[in-house]
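The hints should help you fit chain B onto chain A, whose structure is shown.
Respectively, the protein sequence lines represent chains A and B. Final position of the first sequence in my numbering is 316; the numbers increase by one with none missing. Final position of the second sequence in my numbering is 1263; the numbers increase by one with none missing.
Treat the hints as calculated values from the structure; they're not laboratory data. Note that the structure is a prediction, hence the values are computed from the model and not measured. It is possible that some hints are incorrect.
Label-pair restraints from in silico Cβ distances [claimed, not checked]:
| id | chain 1 | residue 1 | chain 2 | residue 2 | range |
| --- | --- | --- | --- | --- | --- |
| 1 | B | 1002 | A | 168 | 42 to 48 Å |
| 2 | A | 61 | B | 1122 | 23 to 29 Å |
| 3 | B | 1211 | A | 32 | 18 to 24 Å |
| 4 | B | 1122 | A | 309 | 52 to 58 Å |
Backbone N, C-alpha and C define an ideal beta-carbon position, used for all residues, glycine too.
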Amino acid sequence: MIRTENLVKQFVIKKKKEPIVAVEGLTLEIPEAEVFGFLGPNGAGKTTTLRMLSSLISPTSGRAWIDNFEVGKRDQDIRRNVGILTETPGMYERLSAEKNLSIFAHLYGVKDVSGQTEKYLRMLGLWERRFDEVGSFSKGMRQKLAIARALLHELKVLYLDEPTSGLDPESAKLVRDFIEELKTEGRTIFICTHNLDEAERLCQRIGIFKTRLITVDSPANLRSQLYGRRVVFHLQKMNSRWAALIKNVSFVKDVQTVEDKLVVGLTDPEKQNPILVKKLVEAGAGIKFVGELKHSLEDVYLELIHEDELKGKEAA
Amino acid sequence: MIERIRTIIDKEWAEVFKNKVVLLTVVLLPVIFTVLPLVILSLMRTTMPGSESTDMPAQFAQMCSATASGSDCVQIFIANEFLIFFMIMPIIIPITIAAYSIVGEKTTRSLEPLLATPITTEELLAGKSLAAAIPAVVATYACFIIFILLLPVTGVSAAVQQYVSGPIWLLAVFLAGPLVAILAVNFAIMVSSRVSDPRAAEQVSAILIVPFMALMFGQMAGIILLNVATMLIFCAIIVFLDIVSIVLGAKLFQRETILTKWK
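Next up, chain A with everything else stripped away, as it sits in the complex:
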């Protein structure tokens, strides 16, 4: 659904000799109906990428296709098939919620303008306030209205730029729940976010990006690639024998002892855990419970960004 080949965007700044590289060699493929998270720090080039993929700005080099329409060649077709939630909602403050949506429905060439407007106003809980000026809306309501505006034309690809940024927890949850609902409708959703928890909850795959794509994978795979899988055995009482016993098992990668816990590196905990539990019990260890040590996506993100910075410094 979304495909890019070595996509580059540079900005020429008058006062600077060298152009600023915002996006460097982005090659990516996102299949239909996938929810893809695009993570990166401020100024990483996420919004620039999103603007290129919605045919708002043209790439300096490289190619991109959205639903088989090539960016730069079929821009109007692309814009007809994508919806975008920009970083700031950008509504017409003096106009009512309904008027705001009907303007965009007309611009997108929606046939049943009033029907679609009503559908999304109701879906996002704004129907009762449809005649109110948007200027009187809270930040969360504006964000919901902006999402409704992005969805009006029954698009194939939805771009969300920081969908819950600046929202209170309740509004953020509402927006996230709505995105969860959209996932079931088979749309391809591309989310730019800083919110790692949100990315983990909503996205099937995540791309970590800082001017260039550092890595792409599912949150679980990113964790295991970086840290491997680690299982924690919570014991009633620690004995140094238990660590030595486990260390000698062939499939165990490494063992650490932390207070009354054994932290064991494994390749396939689902198969290997019962063997280790049996060994420990037979050796007289009392096991309170066994759990997998999960690194947060934040750990993964920070580690990868840090590695990338180090590589950049070394290269320089």
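Only chain B this time, still in chain A's reference frame:
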């Protein structure tokens, strides 16, 4: 295409005319510019009955005396000064609308979602320009027609009425008016791309009035003689400036420029 342009015009009018400053400019200014000349012409008839053509620039007196008496010529000369009002009207109104419309979109960041729709840059620019120019042209035409209809009430001579509804005024209002409105809109777009306050955009764009004021003072001083030939030359210059301003305005109104360079 037409549907999208119409939607933009509809949006602009729905939004801009909810702004009291814009509404006041669009309504109040034409009223003042129509009533003021009528009042002055009416007063002039009672306060300057004996004025002679020697008070006028020689060129104008020479042109006028061929068709009208000395007293009529004075009245025509004074009435002619008000022509500038009907030429300034199609500048101020679109400048106000365009400044609030474009800078307003910049401040509320509503241009990006708008540009993300299938609308072409040409359609968007046409919609915005027409939304600003149409009220100006309609208001100018309406005010001029009201002015012509009420002119006999002021008691000015038939020669004055004939002159005001003659080719110079008709060219100025019906041809130069829309041309000047187009120039004003594009100038306002250019200025709006550089500023972030609608009032600043309005004030800077108002610089466009200066050449028209020069025209009025030039006429009063006898440096410029407003006849059909000079009016046609004036229109030709405005057509040229319109083309230049449309090209420059369109260049500034490109998606990438708006998103990456408009601050």
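*Starting from the hint 18 to 24 Å, judge whether the C-beta atoms of residue 1211 of chain B and residue 32 of chain A obey it.*
Because 59 Å falls outside the window, the suggested range is violated.
*Range hint 52 to 58 Å: satisfied by the CB atoms of residue 1122 of chain B and residue 309 of chain A?*
44 Å, violated
*asked:* Taking 23 to 29 Å as the stated bounds, is the beta-carbon spacing between residue 61 of chain A and residue 1122 of chain B within them?
replied: 27 Å, holds
*Evaluate the given range 42 to 48 Å for the C-beta pair formed by residue 1002 of chain B and residue 168 of chain A.*
The hint (42 to 48 Å, Cβ to Cβ) holds, given that residue 1002 of chain B and residue 168 of chain A are roughly 43 Å apart.
Hint violations for this structure: numbers 3, 4, all remaining hints satisfied.
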